[in-house]
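Residue strings, one per chain:
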Amino acid sequence: MSDSYPEALKNLIASFSRLPGVGPKTAQRLSFFLIKSSPDEIEGLINSLAEVKQKIHFCSRCGFYAENELCSICQDSTRESTIICVVERPQDVLSIEKTGYRGLYHVLQGVLSPLSGVGPEDLTINQLMKRIETEKFKEVILATNPSLDGEATAYFIARKLRSFSTRVTIIARGLPLGGDMEFADEITLTQAFEGRRDVHLDA
Amino acid sequence: MMKTGRYWKDQGIVLKSINFGELDRIVTLFTRKKGKINVIAKGARKVGNRFGPALDCPAISNFMFYDGRGMPVLSQAEIVDCYREIGKKTNQWVFANYLLFAIDRCYEPEESDERIFETVLFYLDLSTKCENFYILALKFRIDLIRFLGFLPRIRSCAVCGKPFKKIPQGWSVASGGMICEKCFSSIADIHYLPPDMMTLLAKLMTFSCASCLSIQLRENQFAYLDRLVSEYLTYHVGKKITEWKIFLERFQEAS
Chain V
75 MSDSYPEALK NLIASFSRLP GVGPKTAQRL SFFLIKSSPD EIEGLINSLA
125 EVKQKIHFCS RCGFYAENEL CSICQDSTRE STIICVVERP QDVLSIEKTG
175 YRGLYHVLQG VLSPLSGVGP EDLTINQLMK RIETEKFKEV ILATNPSLDG
225 EATAYFIARK LRSFSTRVTI IARGLPLGGD MEFADEITLT QAFEGRRDVH
275 LDA
Chain W
44 MMKTGRYWKD QGIVLKSINF GELDRIVTLF TRKKGKINVI AKGARKVGNR
94 FGPALDCPAI SNFMFYDGRG MPVLSQAEIV DCYREIGKKT NQWVFANYLL
144 FAIDRCYEPE ESDERIFETV LFYLDLSTKC ENFYILALKF RIDLIRFLGF
194 LPRIRSCAVC GKPFKKIPQG WSVASGGMIC EKCFSSIADI HYLPPDMMTL
244 LAKLMTFSCA SCLSIQLREN QFAYLDRLVS EYLTYHVGKK ITEWKIFLER
294 FQEAS
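Which chain is which? The protein sequence lines are V and W, in order.
So for the first sequence, my numbering puts the first residue at 75; every next one is plus one.
So for the second sequence, my numbering puts the first residue at 44; every next one is plus one.
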């Protein structure tokens, strides 16, 4: 960053640089764009930032983003309330929503990781257990990332759920659509074979 | 390590990784030839990326790197073993993470040691067959101390170097082992090491891993040795090496 920049501009660039995925060059570009923007546009941006900080928090029930105490999903009475999908982060809810899934969610807010010092008490596993005790789900779908930490977290939860009569499932692992089998690694292929299913033909 | 132009190959084990930018990851590897290195894996967060599970801890793979302007860029990874099944057993998974944690703490970037690389593979394989993680965690740290060159002296005085005529009872972390009666008063950090602990420590240092697994340890004996070995390693490496019991405790609930 040039020393000749005014202090206010330096501060703005430094603020943008703190955002994930934004380097110093991008931070400068964004800053110059804002300098050229109209006062109304700037005010709109400031209001949006203030509003999001003031209003958005985690849903007290599932941990997804919410404006009220409960998020829009937990408030929706038309959703299938006997199925719950356990995900790592709130962003995962948005991805699963695109699939047409109509059940409820529980966001763990991370994944177990001994190397990063993340233990069960740092996640919302206890809240999940309480929900399963009180909300009488028929099925718990474990949809953690297909990383080793994600799987270890899923199996950790599955073991805690052994005392409940609830069905516990884990989402399938295997080949992504559009991929080429020639380039698939043997672990992914093995999991795809393990997760194979019967072919159902239309009558 | 094979080097062709700006491309080079090495076998390595994934110690840790952090997300970088939108789709990339910075991965810390402990490689056979070059030791601990940080590399960038572009597109590693995308579903169906070319690395697959090769970047999960503690996967072992044959990697191909490209020397870019900054840190090396990972261009290919061919999995040797990714220990996928350990995720199903919490203790096994935590133990694998403990090995990686200790290696990451004890080795500086580009400090290579092929013996420790082989040792990690050995313990990872052993952890899938044997569940005596208390002994494995002790023995692993003692092996680590040996490879780092800090093995404590137990047959001769760590200060004067004279062989012991009778079993000594003084232990000094800073001096690097047992202390004879004559040197006892000249050491500041000396403390009493019970004879049974001294015998167990000697066994763990001299026995092979297979023989060590037959050692019967009471819980209080393990706790004592766990602390002793971690304190010793922490002092000589200069970085905190958590005791196995503490490392495991948080995850034990569901096991």
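These are computed hints drawn from the structure, not numbers from a lab.
In this text, all values refer to a predicted model and were calculated from it rather than measured experimentally.
One or more hints might be untrue.
As the list claims (entries may be wrong) - Straight-line Cα separation of at most 30 Å, DSS-like style, residue types lysine-lysine; simulated pairs: (1) W/Lys131 with W/Lys89; (2) W/Lys89 with V/Lys172; (3) V/Lys204 with W/Lys85; (4) V/Lys129 with V/Lys172; (5) V/Lys99 with W/Lys59; (6) V/Lys127 with W/Lys89.
Claimed, not checked - Chain V is faced by these chain W residues, among others (derived, beta-carbon under 8 Å): (7) Lys85; (8) Pro96; (9) Tyr109; (10) Gly111; (11) Arg112; (12) Arg189.
Said to hold, decoys possible - Using C-beta positions, here's what the derived DEER-type ranges look like: (13) V/Glu213 with W/Val90: 44 to 54 Å; (14) W/Leu256 with V/Thr152: 51 to 61 Å; (15) W/Thr171 with V/Ser237: 21 to 31 Å; (16) V/Leu93 with W/Pro237: 36 to 46 Å.
Note that beta-carbon positions come from the ideal geometry of N, C-alpha and C, so glycine has one too.
Taking the hints in turn, this is what the structure says about them:
| no. | hint | in the structure |
| --- | --- | --- |
| 1 | W/Lys131 with W/Lys89 | holds (24 Å) |
| 2 | W/Lys89 with V/Lys172 | holds (17 Å) |
| 3 | V/Lys204 with W/Lys85 | violated (40 Å) |
| 4 | V/Lys129 with V/Lys172 | holds (25 Å) |
| 5 | V/Lys99 with W/Lys59 | holds (28 Å) |
| 6 | V/Lys127 with W/Lys89 | holds (29 Å) |
| 7 | Lys85 | violated (13 Å) |
| 8 | Pro96 | holds (5 Å) |
| 9 | Tyr109 | violated (18 Å) |
| 10 | Gly111 | violated (16 Å) |
| 11 | Arg112 | violated (14 Å) |
| 12 | Arg189 | violated (24 Å) |
| 13 | V/Glu213 with W/Val90: 44 to 54 Å | violated (24 Å) |
| 14 | W/Leu256 with V/Thr152: 51 to 61 Å | holds (58 Å) |
| 15 | W/Thr171 with V/Ser237: 21 to 31 Å | holds (27 Å) |
| 16 | V/Leu93 with W/Pro237: 36 to 46 Å | violated (56 Å) |
Going down the numbered hints, you'll see the structure goes against 3, 7, 9, 10, 11, 12, 13, 16, while the others check out.
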